[in-house]
Amino acid sequence: MTMTPFKQKIFVAYFDEMPQRIGREIVVDGVKIAVFRLLDDRVKAIGGVCPHTQGPLAEGIVSGEYVYCPLHDFKVSLLDGAVQEPDDGYVATYDTAIDDDKVYIYV
Amino acid sequence: MGTEKLLLIGNGMAGVRTIEAILERNSTKYEITIIGEEPYTNYNRIMLSHVLQNKMTVDETITHPMQWYKDNNIQLIHHDPAARIDTNNKQVTTASGICIKYDKCIMATGSRPFILPIEGAQLQEVVGFRTIDDTIQMMEQAKSCKRAAVIGGGLLGLEAAKGLIDQGMEVTVVHLEKWLMETQLNEQAGRLLQQDLEQQGIQFLMEKQTTRIRGTTKVEALEFSDGSVLEADLVVMAVGIRPVTGLAQDAGLSVERGIVVDDFMAASAEGVYAVGECAQHNRRIYGLVAPLYEQANVLADRLTDRATEGYRGSTVSTSLKVSGCDLFSAGIIHECDDIKGIEAYNGLANSYKKLFIQNNKVVGIVLYGDTTEENRYYKMLRDGVDITTLNPVTLLASADGGASMSVADWDDADTVCGCNGVTKGTIVQAIHAQQLTSVAEVTRCTKAGNSCGKCKTTINELLTHVIGDKVTAAPTGICPCTHLTRDEIVLQIHEKGLTTTKEVFQELNFRNAEGCSKCRPAINFYLHVTFPNEHTDEKESRFVNERMHGNIQKDGRFSVIPRMRGGQTTAQQLLKIAQVADKYEVPLVKITGSQRIGLFGVKKEDLPDIWEELDMTSASAYAKAVRSVKTCVGANFCRFGTQDSMGLGIKLEERFEYIDTPHKFKMGVSACPRSCVESGVKDFGVIGLENGFQIYIGGNGGTEIKEAQLLTTVETEQEVIDLCGAMIQYYRKTGIYTERTAPWVERLGLDHIKSVLLDPQQCKGLLAELDEAVAGKRNDPWTTIRENERREKELFTVGRG
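For the protein sequence lines, the chains are A and B, in the order given.
Using this note's numbering, count along the first sequence one by one with no gaps and you end on 119.
Using this note's numbering, count along the second sequence one by one with no gaps and you end on 807.
Chain B with its partners taken away, still in its complex shape:
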């Protein structure tokens, strides 16, 4: 352990990154102590947006577990903020009274969300969005609140808004300016962004100044300067951040907006440094992650007596972590006398790009919708490439293969992974030193690519550049057990006549004799589609839901969702459901999103009895299979309805229920173009017209919202049913396991699918093939289990010892 005492105030990304950089350079020079205010070890704040959007858990954001502090002999003073710095005696006191001496002290106190000083801002339902606790609070509030107002249409506000939509809230973003993200985007890109976010369900109130939050004990509404009002029960303040400088100020350090530092991150007192969002360098404060990492490296060089040129400020770039809204912005993005823009707008793809040029050099970039060129432009900007020889058309056109700007030409100091600040040099070194051959390995060893994942293609390119064809082509194989793709596997199953997963693993040389949780269910499905009669379904190769015929819940209990074709039920069924729910003390009875009634929180051992007593069939609500069909009431009752949507929905369900598909297959039938059942976001959506039916395919209302595309318009119900069957079979034959129809349509191309399904010969052939494949197999699994006592016992017994 070192002899000099190094103290870090602030257990966040910038500070811990600095410590890491110091340890990499010299792991024995210092005895290190870290003081942190939050009750967590260091975590990746940037990823909290993903937590709120249900894409990650809080645990997954922790970058440095307690063990890291132990392994590096770092004393961590947790949940106990520093209260006073005495720069004369070189000591720091914490809130609880612990006193620590230092030789060198790094301040990385970060920033806090700026809370507007308006009436009502102190109410409990008014939150910032910065910490794990903020995130947890928002997720908790989302359970009981309905309407959220996010004040601020910047990066953080929009990510919070999307997250709250994903938490099931109605969200309105209130923004003071004319367009969103006005410091990073120009007006046109800002408007495109707003349109796309509106499609994802976020509402906007632009050019509104919030003057008061109404409410006495709870938030009730926002009031604006123009007298209008917005009802809300949760308010997120995302109007900006303020560096945390109180401690530095009290200690007599030079503080302006942030703690003033020189090119070597030194503050105004001897032995005190500052990095990150609290530091002000050359009149600028940086709130993004890449500059913080550059600062950390400079300071680490300084503190380990290495030569360094010092920090020269950073060019910052921004991207937004909301899927479906790819954007990139860097540099100066406003035109003036000597800065002129060239731009291109593609109305078909809804993409937009604009470059800002000064003295023949790119000084600013705005990309919206298509950001594939971001590295190329960013490099031009950062390196001050002279573009005199390029005319505006070639400049805006996509580079062919990007050869001239390939990652091979990057400098070692260039950042590949912006989220984690990993440079090309670091990755190349790791590839050599640890003999890495796949993107996944690079991610594990360097952290590059483990956050937003955007840089994975660059990492792959880099791997190829460094080790050539020795790269393990991870993206092609269906899982780590094999390098074979879905198509290669299915072809081999056909050619070799394989009928069990064991044979597939053996014959095709899988690395794992029994496969893994990814490939075994997939292979079981491919076998089932290829040889429907020769292959016996393997229960042990099915995911729990399809083995137990219920959805497993977070506590290990299951759901029971009986079939109600077309969303139609009877008084008798309702009585029965009520009796069963009561008798078995079912914790939750709920109308599901697909017009069925679900019993949730059922114990595994109760499942067969409940099925028995309900005397209804399974709705397959847990299966990768044809699901129930959503319908509106239709022409028989609705004054707008033009077709019997309920009748057609029931017919479709009867005809195709209990058929396995690569992923769930959802359908909807609306009786008129008002489309009350949202046929536009179904795998197979039907809209009734006066004289026929429109058929839409490949829609998705889930994780990646995707509008269904018009397949065709037909006159009769029978044509709808036949086309549906043909599509199901074509999807079964060509789909990748767990691939929904939206990416499937995209992969195969709508025109191709149309050419197959709309060709009467092929359509008929597919339908016949489907009927043959599923003949005698479309049975209700609940009944099948109840009729097989032995099977029931094997699967549903829980022992008591």
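Only chain A is shown next, with the shape it has when bound in the complex:
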């Protein structure tokens, strides 16, 4: 049985206020979410906390479809939230939307 749970659409920032490859953190009900505008202008959102030692992923260096945690360099996919080898683990992913130059996430 699948059921799409009701999701809130939450405003993050104006698109042009988000520089490419610099993360933006947003806290929703106490949950930290990291939102990124990639070099090709796609916007991706993942759980904001690295599973290793809870590093803030929004502050990491973004390369292509990955972000490197600023604390110990864990490499996390912005597409599926998976931590890359040789480390493992994963973070949540969130859908995003850009309407009228505004960036939203679905939580």
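Hint data in this document are derived by calculation from the structure and do not stem from the laboratory.
Predicted model only: the values in this text are computed from it and were never measured.
Check the hints yourself; a few may be wrong.
Calculated pairs, DSS-like style, for lysine-lysine (alpha carbon to alpha carbon, straight line, at most 27 Å) [what the hints assert, rightly or not]: (1) 609/B <-> 114/A; (2) 508/B <-> 87/A; (3) 87/A <-> 214/B; (4) 44/A <-> 589/B; (5) 799/B <-> 589/B; (6) 596/B <-> 609/B; (7) 524/B <-> 44/A; (8) 670/B <-> 87/A; (9) 149/B <-> 76/B; (10) 799/B <-> 21/A; (11) 35/B <-> 87/A; (12) 524/B <-> 87/A; (13) 114/A <-> 545/B; (14) 149/B <-> 11/B.
Dock chain B against chain A, hints included.
Just chain B now, with coordinates in the frame of chain A:
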């Protein structure tokens, strides 16, 4: 799943290694259960020294995560020690009452640190050093305690001592014998080791017998048999280990010092075996890792019905995991009637080697300071090579290229990685089967090289031997995105006139179109140095600290460290700092190591406001850049001071602050040779004399302690400042990103650097080049951000949904 039940008691390195070896040979023969006392899955105990020395985390020592047990259908009974073995009914009961039947039972109960039976040994601050919990306890204690005493100057004691130094404690090692590591080293090597460790800050009390630990509720001091006393609030007992044999004894097994086993690791009851530190073979017990692995292989052969010649005992070798103290020891290291030594001491390099010869064969080796020949000698020892044709001089001389002892000549059974017990055969097989082409891949697939890393050169040699020039030369490229070195990249940037990281990645065919966290900041820096005017700094290619202008902390918050040139401040500044710290409820206000005041634990979104209210500039305490200058009070106040050190320090700071360098660049100015600001461990250290200044360069007081070397002596402040600028620019131009000046000086050679900086023409040229490169760019980043509202918003906003 198998039909026969195999039970392992002891979830440690030797036992789990045996299980692995069994699974490799036959993964379906047994239904396997493991009983473990500790609340962790299997981990590499050897690496706990690295944890204590802040080089690894506890997680990184775990070699077998829970998934491994699941994947191999192994039932793990955790945190619940075995309490009783019934060898008649072939069953084991755990402390919590679980009963497990077995057909074959392997005992790998290991050993425990021996705690001296003296008064006070039961106090809470008295610990052994064996388990993860011991390590965590020591790191916790180090937070509140100041003085540690380590009883025992053997391998483990010294590694613990170094670790506690790295945890910020004052450490004294108390040793019963005349010199350190007396079972592995002879007196001369032991003394050299002691000198080197003293330089790293460890103190020693030799030939002292501890008789009592003083203290009622907490440890206060150690008392010795000669009546002397040492104050301490943490005691580490590292006087030796004792095999854990109680369980075997109660079960009626034959136990002497350890559980007695035959050549096939079988104990005295049917179906029971023992491996590792708890087993006694041929009257010997082994406490090092390589023999345990040999035992594991024999037992695995036996239990999977393979032919085996049995275990014949091991030749053991030792090395110490403390950086700056390379040593190697193997075999018999004491001279007697028919064992004679030949030795060589190099006072310049502080290195020493001695070989012990019996009947024209090497039977013992002690190397200190330079261990590059360890494989060559070790092989001579193990294979009983006849050395009649070698005279002592050729024997002690370093082999040219080591051709005759290259890894190509090793047997498949020879161990390449001693920490993880990986043989040459295993590595060669993996290279072929999985088509490996780099050292990193070999490490990932075989574990060889992932512990102390010492064998990586051997692995590289082996790769070259097996697949020739198809080896991916990992060590040369600056990161996995490219095979190009720093020099090649900078040359191409020049020649092709590249000005953005994107262009570099594209033009130089990086595997990754946007690089990675290693190379992008490096390329951004090289572009900045090469084309200071054409290149625009890329914020998104900078590590978080340099983007946010504060040091990121473990919880994601930041530090604010305002500039106080030369460590000088005013009452007004102090008032302001106090007000801000109070208003923003800053969790920690601390005097930093570089004579500044730091506010720690600041929320990212508060940073710009705090900077605004402080109205002070950034001290660049987070940046790969010229840092603040440490000074002593100098001639104006100190009765020993010969120069105005504070004045000169402030001038240096004003002249060179906010200049990017390959890594941080620390300076110090002392007014006299007492050198209160430790000019001898600075990148650029100045010591004032009656009639001038000595300049020292390339020192480092951090991870790898390195004494700075004398560049020259000059007469005037202006000469000091000019030489400093020339050095900064030369370092910027030739340094590898994240390379401190100590390795930089070593790489380029002090003589070469002297020839450049002390040539007036070149010195002047470098200085002019530096001034041109940084003109108009040496701005306080805090002010710059505050003046750019949009930038501030982009970087420092945290959304609330």
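Okay, the hints, checked on the actual structure:
Note on residue 609/B and residue 114/A: the hinted pairing holds, with a Cα-Cα distance of about 26 Å set against a maximum of 27 Å. For the hint linking residue 508/B to residue 87/A, the alpha-carbon distance of about 20 Å falls within 27 Å, and the restraint holds. Proximity of residue 87/A to residue 214/B is assessed by CA-CA distance (about 51 Å); at most 27 Å being required, the pair is judged violated. This hinted pair checks out: residue 44/A and residue 589/B have alpha carbons roughly 25 Å apart, not beyond 27 Å.
Restraint check for residue 799/B and residue 589/B: the C-alpha separation of about 22 Å stays at or below 27 Å, so the hint holds. At most 27 Å may separate the alpha-carbon atoms for a hinted pair to count; residue 596/B and residue 609/B meet this at roughly 17 Å. Restraint check for residue 524/B and residue 44/A: satisfied, since their Cα atoms lie roughly 26 Å apart, inside the 27 Å limit. With a CA separation close to 25 Å, the supplied pair residue 670/B and residue 87/A stays within the 27 Å bound.
Restraint check: the Cα-Cα separation between residue 149/B and residue 76/B comes to about 37 Å, which exceeds 27 Å; the hinted pair is violated. Proposed proximity of residue 799/B and residue 21/A is supported: the alpha carbons are some 22 Å apart, at most 27 Å. A distance of roughly 39 Å separates the Cα atoms of residue 35/B and residue 87/A; the hinted pair therefore is violated under the 27 Å criterion. For the proposed pair residue 524/B and residue 87/A, the alpha carbon gap of about 12 Å is at most 27 Å, so the pair holds.
Between residue 114/A and residue 545/B the CA atoms are separated by roughly 23 Å; this keeps the pair inside 27 Å, and the hint holds. Distance check on the hinted pair: residue 149/B and residue 11/B sit about 46 Å apart at the alpha-carbon level, beyond 27 Å; violated.
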